[in-house]
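Asks: From these two lone chains plus the hints, build me the complex, please.
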Amino acid sequence: NAGVMQNPRHLVRRRGQEARLRCSPMKGHSHVYWYRQLPEEGLKFMVYLQKENIIDESGMPKERFSAEFPKEGPSILRIQQVVRGDSAAYFCASSPRAGGQETQYFGPGTRLLVL
Amino acid sequence: GQQVMQIPQYQHVQEGEDFTTYCNSSTTLSNIQWYKQRPGGHPVFLIQLVKSGEVKKQKRLTFQFGEAKKNSSLHITATQTTDVGTYFCAGQGNYQLIWGAGTKLIIKP
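Taken in order, these protein sequences are the chains called A and B.
Residue numbering for the first sequence follows my numbering, starting at 32 and increasing by one per position.
Residue numbering for the second sequence follows my numbering, starting at -14 and increasing by one per position.
Just so you know, the hints here were simulated from the structure itself, not pulled from any lab data.
In this text the structure is predicted, and so the values were computed from the model without any measurement.
Here a beta-carbon is modelled for each residue, glycine too, at the ideal position from N, C-alpha and C.
Among the hints, erroneous ones may be present.
Stated by the list, open to error - Straight-line Cα separation of at most 16 angstroms, EDC-like style, residue types lysine to aspartate or glutamate; simulated pairs:
#  : chain 1 : residue 1 : chain 2 : residue 2
1  : B       : K21       : A       : E72
2  : B       : K21       : A       : E71
3  : B       : K36       : B       : D3
4  : B       : K55       : B       : E39
5  : B       : K41       : B       : E52
6  : B       : K89       : B       : E0
7  : B       : K89       : A       : E71
8  : B       : K89       : A       : D87
9  : B       : K93       : B       : E0
10 : A       : K102      : A       : E83
11 : B       : K42       : B       : D3
12 : B       : K21       : B       : D68
Stated by the list, open to error - Residues from chain B shown here face chain A by an in silico Cβ test under 8 angstroms; the list is partial:
#  : residue
13 : H27
14 : P28
15 : F30
16 : F73
17 : Q81
18 : L82
19 : G87
Extracted from the complex, chain B is given alone in its bound form (with noise of 0.2 angstroms):
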């Protein structure tokens, strides 16, 4: 079945320091959602990619959809501490999202 693989898991930064994220999935997809969930919290919405080798930036964040509609990324720029949280990817299955095991940013005290 469609799969989305995420990496890292963790990744810990010196705060100001950058961020990336890498979303792969085993289909073509027809777009792609990032979420944010803080600690403790839950998911929420991002950003939605659609079209092939679109970039999109909100901020310090820098999404991107690969030419191939197969992979995407989640570039922060200058990590702050309000950056804290899990970032999941989710491509489009059938009836429903198919989610990233999410990467895990840490900022080092």
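One chain only, chain A, in its complex shape (with noise of 0.2 angstroms):
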């Protein structure tokens, strides 16, 4: 059973441009978060997603930044017009049920360089 897949595994991008990152989940599994991490700090979350559902996007930067889980295809996290300061590791993590009771899993993140 493969695991949280994430790509790319690095991304560098000019200010302004798109990033664009990808996360599948692990088989059987239909509840996605996403994480920022920036050097030297703790995980902060974004974003709670199901199949074609945004759950909790109280992390999120109300400005630039989207996230979707489509019935078909992996989760996309986007951030439009990135900025030095969107520089951070991204990790995404799935359970196969909701909320906090169940294990989140991880992929081993987007590392964004905004230069």
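Replies: Structural data, given as structure tokens:
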């Protein structure tokens, strides 16, 4: 059973470009969480999605950031018009059921560098 | 809103010394989970505590959940170089886990 897959593992963008981060949850998992981690800091929750639904986006910046989890295909975290402050590691996690009762399985992360 | 405070932020120990990290929640938790993140890696689940006063052990790691289910600790006995990393606690939120800021375990050279 493959784990959570994220790609790309490393992404370099210039200021103003768009970044698209992909996450394929573990097989059988329908709940996806996105986190951001700045260097030497903890995990910051961004958004929680189920298939075709955003359940909680309280951690998402109001502008430039969006996330989706379509019926088919991976979950996408999209950052428009990136700025240097967006440089961070972005982790996706999945769980088979809702909420904090379930262990979250993390992907290897996407390290975004904005030049 | 719900918050989970974790201390200390860093702990430097000599190899063979013990290490402890503490988490404290502003509200009663239904459960708490612990994760470890190696340098350059991603968080990996260690354990979940559910019952009041629960104590679980994994080899040299001892996890405790307070009687009031508002605090938890992780204690590592006789640290080894393989223990290096950041340890996170995460408590049950409404829809997702509420994460502590993590404690970084550093082994002194």
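Asks: Would you mind marking each hint as holding or not holding in the structure?
Replies: Hints and how they fare:
In summary, the hint linking B:K21 to A:E72 is supported, as the alpha carbons are separated by about 14 angstroms, within the 16 angstroms threshold. The straight-line distance between the Cα atoms of B:K21 and A:E71 is roughly 14 angstroms, inside the 16 angstroms bound, and the hint therefore holds. Restraint check for B:K36 and B:D3: the C-alpha separation of about 25 angstroms exceeds 16 angstroms, so the hint is violated. Pair hint B:K55 plus B:E39 holds up; C-alpha atoms about 12 angstroms apart against a cutoff of 16 angstroms.
Of the pairs offered as hints, the one joining B:K41 and B:E52 holds, with about 14 angstroms between alpha carbons and a cut-off of 16 angstroms not exceeded. Annotation: proposed proximity of B:K89 to B:E0 holds, straight-line Cα distance about 14 angstroms (limit 16 angstroms). Taking the CA atoms of B:K89 and A:E71, the gap is about 9 angstroms. The hint holds against a cut of 16 angstroms. With a CA separation close to 29 angstroms, the supplied pair B:K89 and A:D87 exceeds the 16 angstroms bound.
Note on B:K93 and B:E0: the hinted pairing holds, with a Cα-Cα distance of about 7 angstroms set against a maximum of 16 angstroms. With a C-alpha separation of about 6 angstroms, the suggested pairing of A:K102 with A:E83 holds against the 16 angstroms cut-off. Of the pairs offered as hints, the one joining B:K42 and B:D3 holds, with about 15 angstroms between alpha carbons and a cut-off of 16 angstroms not exceeded. This hinted pair checks out: B:K21 and B:D68 have alpha carbons roughly 9 angstroms apart, not beyond 16 angstroms.
Among the interface hints, the one on B:H27 holds; its C-beta lies about 4 angstroms from the nearest C-beta in chain A, closer than the 8 angstroms criterion. Annotation: interface hint on B:P28 holds; nearest CB of chain A at approximately 5 angstroms, less than 8 angstroms. Satisfaction of the interface hint for B:F30 is found here, the shortest Cβ-Cβ separation to chain A being roughly 5 angstroms, below the 8 angstroms cut-off. A hinted interface residue such as B:F73 counts as satisfied when its beta carbon comes closer than 8 angstroms to some beta carbon of chain A; here the least separation is about 7 angstroms, so the hint holds.
With a cut of 8 angstroms, the hint placing B:Q81 at the interface with chain A holds, because the nearest CB-to-CB distance is about 5 angstroms. A cut of 8 angstroms between beta carbons decides the hint on B:L82: the least distance to chain A is about 5 angstroms, and the hint holds. Contact between B:G87 and chain A, as hinted, is supported at the beta carbon level, the nearest pair being about 5 angstroms apart and thus within 8 angstroms.
In summary, the numbered hints that this structure violates are 3, 8.
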